[in-house]
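A.B. asks: Each protein sequence line maps, in turn, to chains A and B. Be aware that the first sequence starts at 867, since it is given in the numbering used here, and climbs by one per residue. Be aware that the second sequence starts at 16, since it is given in the numbering used here, and climbs by one per residue.
Some hints here could point you the wrong way.
[What the hints assert, rightly or not] As a list, the in silico DSSO-like pairs of lysine-lysine whose alpha-carbon atoms are at most 27 Å apart:
id: 1; chain 1: B; residue 1: Lys96; chain 2: B; residue 2: Lys158
id: 2; chain 1: B; residue 1: Lys288; chain 2: A; residue 2: Lys905
id: 3; chain 1: A; residue 1: Lys905; chain 2: B; residue 2: Lys96
id: 4; chain 1: B; residue 1: Lys38; chain 2: B; residue 2: Lys18
id: 5; chain 1: B; residue 1: Lys38; chain 2: A; residue 2: Lys905
id: 6; chain 1: A; residue 1: Lys905; chain 2: B; residue 2: Lys26
Read the hints as simulated data drawn from the structure, not as lab findings.
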Amino acid sequence: MPTVAFTPNLRRHLECPDVEAPPGTLAAVLENVFRENPKLRSYIVDEQGRLRQHVAVFVGGELVHDRVRLTDEVGADQDVFVMQALSGG
Amino acid sequence: MRKRIHVGTRKGLFTFERESEGKWTIVETAFIGDPVPMVLPDRRDDVLYAALDLGHFGAKLRRSRDFGKSWQEVAIPEYPKVEGDDAEKAPALKLIWCLEAAGNDVPGSLWAGTAPGGLFRSDDRGESWQLNASLWDQPDRAKWFGGGYDVPGIHSICVDPEDSRRVVLGVSCGGVWITEDAGSSWRSSTTGMYAEYMPPERREDPAIQDPHRIVQCRSAKDTFWVQHHNGVFRSENGGASWQEIHAQPSSFGFAAAIHPSDPDTAWLVPLVKDEHRVPVAAAVVVARTRDGGRSFEVLRQGLPQEHAYDVVFRHGLDIDGTGDLLAMGSTTGSLWVSEDQGDSWQTLSTHLPPIYVVRFGQS
Chain A
867 MPTVAFTPNL RRHLECPDVE APPGTLAAVL ENVFRENPKL RSYIVDEQGR
917 LRQHVAVFVG GELVHDRVRL TDEVGADQDV FVMQALSGG
Chain B
16 MRKRIHVGTR KGLFTFERES EGKWTIVETA FIGDPVPMVL PDRRDDVLYA
66 ALDLGHFGAK LRRSRDFGKS WQEVAIPEYP KVEGDDAEKA PALKLIWCLE
116 AAGNDVPGSL WAGTAPGGLF RSDDRGESWQ LNASLWDQPD RAKWFGGGYD
166 VPGIHSICVD PEDSRRVVLG VSCGGVWITE DAGSSWRSST TGMYAEYMPP
216 ERREDPAIQD PHRIVQCRSA KDTFWVQHHN GVFRSENGGA SWQEIHAQPS
266 SFGFAAAIHP SDPDTAWLVP LVKDEHRVPV AAAVVVARTR DGGRSFEVLR
316 QGLPQEHAYD VVFRHGLDID GTGDLLAMGS TTGSLWVSED QGDSWQTLST
366 HLPPIYVVRF GQS
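Hey, can you work out the whole structure from these sequences and the hints?
C.D. replies: Quick look at the structure:
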């Protein structure tokens, strides 16, 4: 099952331990995480559900392509890393 | 009860307290390392609000019920969800640019002015927010554009001290908007203002005016002062019309303050001009009028007069309820206070992070 891990820099603001979530689209994976940790949502995505401009998400080591609808597939053997981009912010 | 100055900066919130005459010390720090674009000490219930701009992680709002010792995360204003093909370009909260108490008759109710141009209201101390649809749906909003930021933003919210249903907004760049029914309906009112940054035929277009800051006299509620991109304007009729004021040593700037009980007394912080945003002659001064703008005194005592390049942003100047205390913070991290209406200034720091907002409060 995929593990979703977050940049340690988020821990300045809120608790966000690594969690496991069922595979699926990135949107579905994150939705599972946000259900358990509702405050985390606004740190990762905006109110339109898009990835924040300066948040970078990797699935299986690859930067995700669809930052608007989060349709990239997360396989059962892939992990998700939510990082902050070095640009902006 | 002690006076406080809350100072929101590029790298945290600093709270100064007045221990005795002329003696101010930092008593609280919070959010060190994070931008704090706005702070609201709510005098109605002594709740303190701080807006954060976390960059990577978005705009946030924190609330303190113990004078800034501890903070709790509360909800942020959110723009309406857009589905389908337009989702990619749909608006999202960029910045909480101003926060105001919504009136003494509605304790716990707040207004928030944001970029990209939404006005929001909370009736539960920030637990939830509602977009003001009436303003958002104004056809003229399509003409608004960025000023200060890439997108338009609401930076001034003046709530009538006697009638909280009457609110005057300042938008950069989107003009002056007035409601008399608590936001159910709005009208634009910029008669007398002009915009030299536009083609001649659009010069007086209400929807593109750039009022940098609007302030209202607490006791003479029909008097407003505006530091506009193209100069200084004043209204004595509740914003129905505006008269241009020629300030000294220039009429360009961002900040304005008005005496709480004397509508003819106001303070401005002049810069050279829009394409040259530094103090005139590299000397920080405050311009004060006591006659409604017919004449100005240029106040310098205690302020740096050589090679000073401090800029005071929109929310970087505040006056307390007595009308005697002024606080002023600059982009180069200088913080000054005056206890004599600006006649003399005391330097509280020259090495804070760039200052976005100063506001008087109490403990």
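A.B. asks: Of all the hints given earlier, name the ones this structure violates by number, lowest first.
C.D. replies: 2 and 5
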